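Chains as they are written, first to last, in my numbering: chain S, 261 to 830; chain U, 32 to 369.
Think of the hints as simulated: they come from the structure by calculation, not from any bench.
In this text the structure is predicted, and so the values were computed from the model without any measurement.
The C-beta atom is built at its ideal place from N, Cα and C for all residues, glycine as well.
Any given hint could turn out to be false.
Unchecked claim - To be clear about the criterion: a stretch of chain U counts as covered by chain S if any three or more of its residues have a C-beta under 8 Å from a C-beta of chain S, and this derived list gives those stretches:
id, segment
1, 65-77
2, 248-262
Unchecked claim - Not the full set, but computed from the structure, chain U residues with beta-carbon under 7 Å of chain S:
id, residue
3, Leu111
4, Arg134
5, Arg201
6, Val216
7, Asp220
8, Val235
9, Trp240
10, Asp241
11, Ser244
12, Leu364
13, Ser367
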Amino acid sequence: MVAGQPELGPGRAAGYYSWQHRLPAASAGYLRWAGFAGLFFAGLLLGIMAVLLGALFQGQDLSLLPDEMLQPQLLRLVGGAVIQASLSAVLSIIVGAGCALCVFRRGMFFGRSALLTLSFLAMIMPTTVAAVSLLSLWGRQGAVRQSVNSLFGTDLLFAPYGLFMVILAHMFFNAPLVMRVCLSVLQAIPESQMKLAAQLRFGAGSYLRFIEWPAVKQALPSLFGLIFLLCFSSFSLVLMLGGGPAVSTLEVAIYTALRFEFNLPRAGALALLQLLISSVVILSLSRLELQSWTSRLDAMQTVPRSDRDRISVKSLDIFVVALFCLIVVGPVLSLILGIDIGGGAGLFHRPVFWSALFSSCLLGLTAATASTAAALLLAAGRCHLHYLDHPLIRERGAEIIALSVSVYLVLPAIVLGTASFLLLRGIADLFASAFWLVLFSNTLMSLPFAARILMARYSAVVSRSHRLALSLNLRGYSYFSRIILPAMRHEIGLSLGLCCALSLGDFGVIALFGSDRFQTLPWLLYQYASRYGGPEAEVLSLLLLLLAVALYWLLYKSVGLWAERGLRPC
Amino acid sequence: MLKHIAKYSSVLTLSVLLLPLSLAAAAKARDVLTVYTYDSFISEWGPGPAIEKNFETVCSCDLQFVGLDSSIGILGRVRLEGAASKADIVLGLDTNLTEIARRTGLFVPHGADMGPDNLPLPFDDDTFMPFDWGYFAFVYDRNRLKTPPRSLEGLISATDDLKIVIQDPRTSTPGLGLLLWMKAVYGGDAAEKWAALQPKILTVTKGWWDAYSLFLEGEADMVLSYTTSPAYHLIAEGRDNFAAAGFSEGHYMQIEVAAMMKSAPQPELARQFMNFIQSDGFQNVIPTANWMYPTKKTALPAEFSQLAQPQTSLLFTGRQVMENQKQWTDEWLQASQN
Chain S
261 MVAGQPELGP GRAAGYYSWQ HRLPAASAGY LRWAGFAGLF FAGLLLGIMA
311 VLLGALFQGQ DLSLLPDEML QPQLLRLVGG AVIQASLSAV LSIIVGAGCA
361 LCVFRRGMFF GRSALLTLSF LAMIMPTTVA AVSLLSLWGR QGAVRQSVNS
411 LFGTDLLFAP YGLFMVILAH MFFNAPLVMR VCLSVLQAIP ESQMKLAAQL
461 RFGAGSYLRF IEWPAVKQAL PSLFGLIFLL CFSSFSLVLM LGGGPAVSTL
511 EVAIYTALRF EFNLPRAGAL ALLQLLISSV VILSLSRLEL QSWTSRLDAM
561 QTVPRSDRDR ISVKSLDIFV VALFCLIVVG PVLSLILGID IGGGAGLFHR
611 PVFWSALFSS CLLGLTAATA STAAALLLAA GRCHLHYLDH PLIRERGAEI
661 IALSVSVYLV LPAIVLGTAS FLLLRGIADL FASAFWLVLF SNTLMSLPFA
711 ARILMARYSA VVSRSHRLAL SLNLRGYSYF SRIILPAMRH EIGLSLGLCC
761 ALSLGDFGVI ALFGSDRFQT LPWLLYQYAS RYGGPEAEVL SLLLLLLAVA
811 LYWLLYKSVG LWAERGLRPC
Chain U
32 MLKHIAKYSS VLTLSVLLLP LSLAAAAKAR DVLTVYTYDS FISEWGPGPA
82 IEKNFETVCS CDLQFVGLDS SIGILGRVRL EGAASKADIV LGLDTNLTEI
132 ARRTGLFVPH GADMGPDNLP LPFDDDTFMP FDWGYFAFVY DRNRLKTPPR
182 SLEGLISATD DLKIVIQDPR TSTPGLGLLL WMKAVYGGDA AEKWAALQPK
232 ILTVTKGWWD AYSLFLEGEA DMVLSYTTSP AYHLIAEGRD NFAAAGFSEG
282 HYMQIEVAAM MKSAPQPELA RQFMNFIQSD GFQNVIPTAN WMYPTKKTAL
332 PAEFSQLAQP QTSLLFTGRQ VMENQKQWTD EWLQASQN
């Protein structure tokens, strides 16, 4: 629910889309604080980033900046990266959303939860492990390529190293996210709509046109933005699978400037260029974003559908889900099946493993809580901004919040790390604060994911429930615990679980600050691997994935229990 | 509302608050010598823990390592910190970085009386103290590649079926090593040779691990690594199928060095450590923990005799590298993008 169209036109097919109204300003008074708080928080995030970026330019001559940014070689590189990122985003969305539609249509089926769990694992696999697993299917010696070869006698697939392999790897990481978000959007479609459609004997096309597409398309612009930015700034994956420096990203140039040349202003200029491109993408998408939809507040129930049993529809569903499995689930399975568990058992006897496990769990749980809370605050800010009278604040506010959500995607981690180092070196003992710095960066890292999951749904729930809340005089925490939490428990659970998993798997800034006193599981994984890897590294990556799933369920279930408390009578 | 939040999060908050405090409260009684190094040096199976133990028994001090993300990361870190750095010693730069490091003026002559006696080339530097060294080489699996090339020229002129995986010279030490190797052998013809090598290069990875896992996965026939890599497979895994191809033109070297900070908070301890580097307590740990050659003549494990022994050692001076690195990197970029 962004500024823009206040109401959808009357021509829209389903009546409930025009159900949503602007709140009369007076009645929304109690919501106003949330708008300002969210806006303030967003401004704070952007302010911190501006200060950090500024630190790189301290005492430097700024007149050379445009020259640094406009070298033809650099612009060519940026052009290539934009094409790569756009293709990655579009294809991830097609495969992910396609799979979500098919899974939604089939309702409950055998293997559904296995599909959801395994594709969840794909999102958080450490880059190198994921790349190797992908290559075990698609590489020169990969199973898929070998079977194509023996079937047709020649290699009909794309080149195993090059642009398309990079895009495929990006699909592997991002299509599951698209699938999860779209599925949760689809499951929020009001039951009455589904019943009506079944009564009208809708075919698959009519379901898509009148029910599913209007729901799904709301989520797509922000997903496109997120994936574009992730792929635009991808680094080691692009180098590993790209086949050579011809496929590259701006991040590589920033790394070179910062590390090899130790040229802070040049690194700053390149980071600024990345920031400009990313901001253009974010802001143009935030204008495109469509008004949110109302939806039911209850849990998902299966409504019989009239299009499910056709042979053509069935085969389409099987084809799409199989394609999704080939890209996403296959490599995960290949990792799990290929592991030599016995060889890595020595891991459990090492005290460093247990301390890393503890740090990682603590970090994952706190970062997940922090980023989900931050995303809820920003969601509240963005939703309630809509009810403010001042058109300028309304429009600029939405842009500020859209930018602040993606702050970590806009500036590379190495730049953030170096800059915060420059700023904090005189003030704080950085070795002792390693935990806080990593927590802060992990929170920012998972914020864009949390926001994608929570924002649209938050607006929907508020627009559906505000009159009820007003009449019951629910406000503050009771509004949250009795309305928002029960209605959003799936999304909050998903967001907590995903953010926790993301920070469990993040290697990020730990190495930049360096300390022998704060070690996490990915750090340990990297340590094992950087000396000839071996079974410990494989077992550790599997453990990391299992831990992510375990914490995901723990968080998801706890949110469910907490939400039930909110539903109990006073 | 606050009451609710407090109720649910107090345990979590408490543990979060206590973690860094308990970490910061680590031993403060003895003098602390702080050594910045790269992170695999201090991992549990790296040389760090044994060296720490050995040095602490002779110095009655507390040796604390700080593991940073790479060799170049160490230099970047002390440059950012300047004279305010907590570091007494940096350990893990290599000869490609010494001249750049010297120009920063952050380091002082170490004044140690013990020097290296096991280097294949004379190395004389009053500031940078070598602590181990190795040769870059292409490693292959004997079961998969029966007739490996015997020279760099042989590799370049091999059929395009032979696939190698290398690292990016902008992000990785072995990657930079190959860039300098090509330049040392071919000089002005290097660009042409890079272009001829291009069809055999499967991909160019960011770091060593990415390349080595591709190789182990069977994607590439050869991987850019060290002549000592097969020693790891022999000793730690008992596998004798890996070997490094010996090239007749010679192999480019890496010499890893340590240096003392001008601003060292504990200059006496730092000097003691610089002297300690050439002693058995340091050198004996190197071969099977860092998988490199020691700089002092020590008894090597028997398996080391099975490794490729290059006849010619190639090495540019730190100054040559500093002055040409950017131009040579651009030359490689040009050659490999066409």
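Hint-by-hint comparison with the structure:
no., hint, result
1, 65-77, "holds (count 8)"
2, 248-262, "holds (count 4)"
3, Leu111, "6 Å, holds"
4, Arg134, "11 Å, violated"
5, Arg201, "5 Å, holds"
6, Val216, "21 Å, violated"
7, Asp220, "20 Å, violated"
8, Val235, "5 Å, holds"
9, Trp240, "5 Å, holds"
10, Asp241, "5 Å, holds"
11, Ser244, "5 Å, holds"
12, Leu364, "6 Å, holds"
13, Ser367, "5 Å, holds"
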